[in-house]
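For reference, the chains in residue letters:
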Amino acid sequence: MKRDDDNGYLREALPAFVSEASEHLQQLEELLLQIEDDPHNRDLLDALFRCAHTIKGSAGIFGLDRIVQFTHHVETLLERLRRGERAFDPDLGTLLLRCADHTRLLLEHCASDTAIDDEAAGTGGALVAALREACGLPASVGDAAPPTPAATPAPTDAGAPVDAPAPADAAAPVDAPAAAAAAAPRDAATPTDDAWCVRVSFGADTFRNGMDPLAIISYLQGLGTVHAVQCAHARIPALEELDPECCHLVLEVRLTCPGGSAAIETAFSFVREDCDLSIERIAAPVVSQAAVDAAGRAAAGPTGCAAGAGATSADAAIAPTPSAPGDTTPEGSTLATAGGTAAGPGGKGTAPDATAADPGGKGTAPDGAAAGPGGGVSVPDGRGDGRPATGGDAAPRWIRVRADRLDNLIDLLGELVISSASASLIARESRHSALIEANAQVSGLVEEIRDGTLQLRMVPIGDTFARFRRVVRDTAAELGKDIHLALVGTDTEMDKSVVERIVDPLMHLVRNALDHGLETPQERRAAGKSPQGRLTLEASHESGSIVIRIRDDGRGIDRDRVLARARERGLVGTEAQLSDAEIVNLIFQPGFSTAHAVTNLSGRGVGMDVVRSNIEALRGTVAITSEAGHGACIEIRLPLTLAIIDGFLVGIGDSRFIFPLDSVIEVVEGGAAVLSGGDDCRCVTELRGQLLPVLDLRRLYEIESPAPPRRSIVVLRVGLQRIGVIVDSLHGQHQTVIKPLASIFRGLRGISGSTILGNGEVALIFDVASLADIATSSFEPSATNASRESA
Amino acid sequence: MARRRSLPDEVSIYTAASLHEQCLGWARRARRSPLEVDAAGVCEVDAAGLQLLVAFRRSLEARGIELEIQRPAHCLCAAAATLGLSQALGLAADGNDAGASR
Numbered sequence: 001m002k003r004d005d006d007n008g009y010l011r012e013a014l015p016a017f018v019s020e021a022s023e024h025l026q027q028l029e030e031l032l033l034q035i036e037d038d039p040h041n042r043d044l045l046d047a048l049f050r051c052a053h054t055i056k057g058s059a060g061i062f063g064l065d066r067i068v069q070f071t072h073h074v075e076t077l078l079e080r081l082r083r084g085e086r087a088f089d090p091d092l093g094t095l096l097l098r099c100a101d102h103t104r105l106l107l108e109h110c111a112s113d114t115a116i117d118d119e120a121a122g123t124g125g126a127l128v129a130a131l132r133e134a135c136g137l138p139a140s141v142g143d144a145a146p147p148t149p150a151a152t153p154a155p156t157d158a159g160a161p162v163d164a165p166a167p168a169d170a171a172a173p174v175d176a177p178a179a180a181a182a183a184a185p186r187d188a189a190t191p192t193d194d195a196w197c198v199r200v201s202f203g204a205d206t207f208r209n210g211m212d213p214l215a216i217i218s219y220l221q222g223l224g225t226v227h228a229v230q231c232a233h234a235r236i237p238a239l240e241e242l243d244p245e246c247c248h249l250v251l252e253v254r255l256t257c258p259g260g261s262a263a264i265e266t267a268f269s270f271v272r273e274d275c276d277l278s279i280e281r282i283a284a285p286v287v288s289q290a291a292v293d294a295a296g297r298a299a300a301g302p303t304g305c306a307a308g309a310g311a312t313s314a315d316a317a318i319a320p321t322p323s324a325p326g327d328t329t330p331e332g333s334t335l336a337t338a339g340g341t342a343a344g345p346g347g348k349g350t351a352p353d354a355t356a357a358d359p360g361g362k363g364t365a366p367d368g369a370a371a372g373p374g375g376g377v378s379v380p381d382g383r384g385d386g387r388p389a390t391g392g393d394a395a396p397r398w399i400r401v402r403a404d405r406l407d408n409l410i411d412l413l414g415e416l417v418i419s420s421a422s423a424s425l426i427a428r429e430s431r432h433s434a435l436i437e438a439n440a441q442v443s444g445l446v447e448e449i450r451d452g453t454l455q456l457r458m459v460p461i462g463d464t465f466a467r468f469r470r471v472v473r474d475t476a477a478e479l480g481k482d483i484h485l486a487l488v489g490t491d492t493e494m495d496k497s498v499v500e501r502i503v504d505p506l507m508h509l510v511r512n513a514l515d516h517g518l519e520t521p522q523e524r525r526a527a528g529k530s531p532q533g534r535l536t537l538e539a540s541h542e543s544g545s546i547v548i549r550i551r552d553d554g555r556g557i558d559r560d561r562v563l564a565r566a567r568e569r570g571l572v573g574t575e576a577q578l579s580d581a582e583i584v585n586l587i588f589q590p591g592f593s594t595a596h597a598v599t600n601l602s603g604r605g606v607g608m609d610v611v612r613s614n615i616e617a618l619r620g621t622v623a624i625t626s627e628a629g630h631g632a633c634i635e636i637r638l639p640l641t642l643a644i645i646d647g648f649l650v651g652i653g654d655s656r657f658i659f660p661l662d663s664v665i666e667v668v669e670g671g672a673a674v675l676s677g678g679d680d681c682r683c684v685t686e687l688r689g690q691l692l693p694v695l696d697l698r699r700l701y702e703i704e705s706p707a708p709p710r711r712s713i714v715v716l717r718v719g720l721q722r723i724g725v726i727v728d729s730l731h732g733q734h735q736t737v738i739k740p741l742a743s744i745f746r747g748l749r750g751i752s753g754s755t756i757l758g759n760g761e762v763a764l765i766f767d768v769a770s771l772a773d774i775a776t777s778s779f780e781p782s783a784t785n786a787s788r789e790s791a
Numbered sequence: 792m793a794r795r796r797s798l799p800d801e802v803s804i805y806t807a808a809s810l811h812e813q814c815l816g817w818a819r820r821a822r823r824s825p826l827e828v829d830a831a832g833v834c835e836v837d838a839a840g841l842q843l844l845v846a847f848r849r850s851l852e853a854r855g856i857e858l859e860i861q862r863p864a865h866c867l868c869a870a871a872a873t874l875g876l877s878q879a880l881g882l883a884a885d886g887n888d889a890g891a892s893r
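Chain order of the listed sequences is A and B.
If you read the first sequence in the numbering used here, its first letter stands for residue 1, the second for the next number, and so on.
If you read the second sequence in the numbering used here, its first letter stands for residue 792, the second for the next number, and so on.
The shape of chain A in the complex, shown without the other chains:
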């Protein structure tokens, strides 16, 4: 396994392992947190166990012994929980969470190929001791560390006990008790319902495919306790006939494995395609061994013997056939063996069916495996009993795709959208009806492809939310607060690139709410609230954007203090009259912090202004509402995707602009009466009896062209606000591929990006939120309020 190419193969696969293991750790953590609320949920405990087990299993394949060893202890504890031998309590939860952290640390070290430092090693040791203690085991691990249980003891390995046929064979009677003795002490600790008999006939190409049965069996040893391994070495041809690169190994392994058949199957997952595998539950391996033994003897030599491993004569252990001459019906013999050993529930005869069916001992029994008892139970395609269990986490099928490939695809898609728009335009100009129709069809398909492709990048936000459970739990404990976190709308999907970039701002906001917003139980009681604080993370789709709300029922924002601080910092003039909403949103101003003392949690130098600019960089907005004494709600609005939007194309003079279609509520066509104006680009109109702030873009952007006599007003929705924008002409819906603006245009107010139209012209995309700012900022409070109330 240490060959360069092998190493290379593993190294290549390692990042995939690391990312998968991280996901499993994440899941583990989530499950732990769920279990805290529902400690008796058997499904959760099972899932938890599977999670830890999968991590251990795949780490084993990569030879990451440190992880295997550590997670083994975790697994042991989880197994006890699962079996109800130990009840789950919050302390255990904390321990397991810390274990998850430590595993993550180990994983990082594996990923970066660095050694872990003494401190981490110390933590690991302490955790292992705690785990063992929790399992009721002596805390010191000593050499008895179970992850790689001592290799199969000698007496049990060659099948001697089983083929106890010939009285002449002195080895068998001696060996059998030895085997039992060797296995018994270990077995005493392991419950009998986890005993399994694994029979595997490796495909001829196993070696050529780079697989090593030795590694697989070693791995099995890490899954539980292997009591006996038998190899049907009679199936290995003599040297002269041997193709050394062809695998002829047929093995039977008896083990106790807490993970069950599903776990065992994972050991074979890389050879699943070309091996015959059967996994059966047996009575405790020792018992069954004895039963096999007895059955073997009772079955009067021939049958028992045939089940052995027989080959040639020199070696007693591999000698059997001459002593089994009477048996001429191989099938009969094997079936008899099966019957005999069925003493244990489900227990079957010994594995090497082929040898059993091969009285000649030539080791080339045609089709032996199929003829033997295994024929009835082996599951060549691996859809065995273990399958449903493993299927649990495979329910939705996934394909991992490299993010950069997807990005390339989306870039290309953007070009396709533009080209298709250009083709449609030319088609329309040609007035060739068949061409127009064909193009319309192409456009329709392009649109579907666009939606489908963007969908590929959509991930539910729940995964991101879930990681806050841990944050809330730990932070609340640290602050001595009792806080319940509720997650709402976790299946709301959004672009992965957006999700990735929203985590940090969200984290900050959540910490802020925990630290400043929510009170301690005493304070809450004093305020007449329930002692448990409530924090809600909520996601939903709202008119083409994602809305994330972080709501708490804490003390809310103290307006007076905010205002005082803002004045103190010179953020607002002492005379300025601000609405309540404006006051609370002052906390997003740079250089604002009301925390009396900078705590460990929030106020680490990252202010709310950074949160806001992060969100704005995503073309999102953030706003806060608060009711003193009753909590606060921070609302983040984000675009669904960063790449392509449905736009509404308008013209002003010769210039073309695009509004995100989702923000357009209605269009007032033709000269709407604009009430006030003056030199300013801002004015007001009346729409159905309500005041509507209106922005004259011709003035705002100083577009020099005569205004047409009849202009239209596009009414936009921005959060709860509505604003109108005066435009010259309306060109309808347009698929818009967002191109970033060159940095020189970054300062441009109200514009978020550009796009290329079908005719090659450039159109600018409006940033509706900042348009709204322009339209309403430092406007007469009355007008602003009017518009707000109207919404």
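Treat each hint with caution, since some may be false.
[Said to hold, decoys possible] Among the chain B residues that face chain A by a calculated CB cut under 8 Å, a handful are: (1) Ile804; (2) Gly832; (3) Ala838; (4) Phe847; (5) Gly875; (6) Leu876; (7) Ala879.
It should be emphasised that the hints constitute simulated quantities derived from the structure, not laboratory data.
C-beta: ideal position from N, C-alpha, C; glycine also.
Mind docking chain B on chain A? Use the hints.
Structure of chain B alone, referenced to chain A:
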């Protein structure tokens, strides 16, 4: 045979073809029992290597010659034990650490 026969440091799929040739040669020339092969230098073993040794042993046995693997390295014993081939190879099982063979 005065010349000492010894197994290469690696008894695995990577050396299986050449070791196969070598074993065939040893088997052809073998005249008396036991045939001794030194295995002290083995440090890498896999299932393919073990399979080859079993085949070697069988071929010799067919002619009444016993294969004696001398001074077997720990990893060889451990690997044989893991695959349940200790007795088939006439090796004492050394069950301390099967993982070492990986």
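Outcome of the hint check:
1. Ile804: holds, 5 Å
2. Gly832: Where the cut-off is 8 Å and the nearest Cβ of chain A is about 16 Å from Gly832(B), the hint is violated.
3. Ala838: Nearest chain A Cβ about 4 Å off; hint holds.
4. Phe847: With a minimum Cβ separation of about 5 Å from chain A (threshold 8 Å), the hint on Phe847(B) holds.
5. Gly875: Status holds, d = 3 Å.
6. Leu876: holds, 5 Å
7. Ala879: holds, 4 Å
Hint 2 from the list above is the single one not met by this structure.
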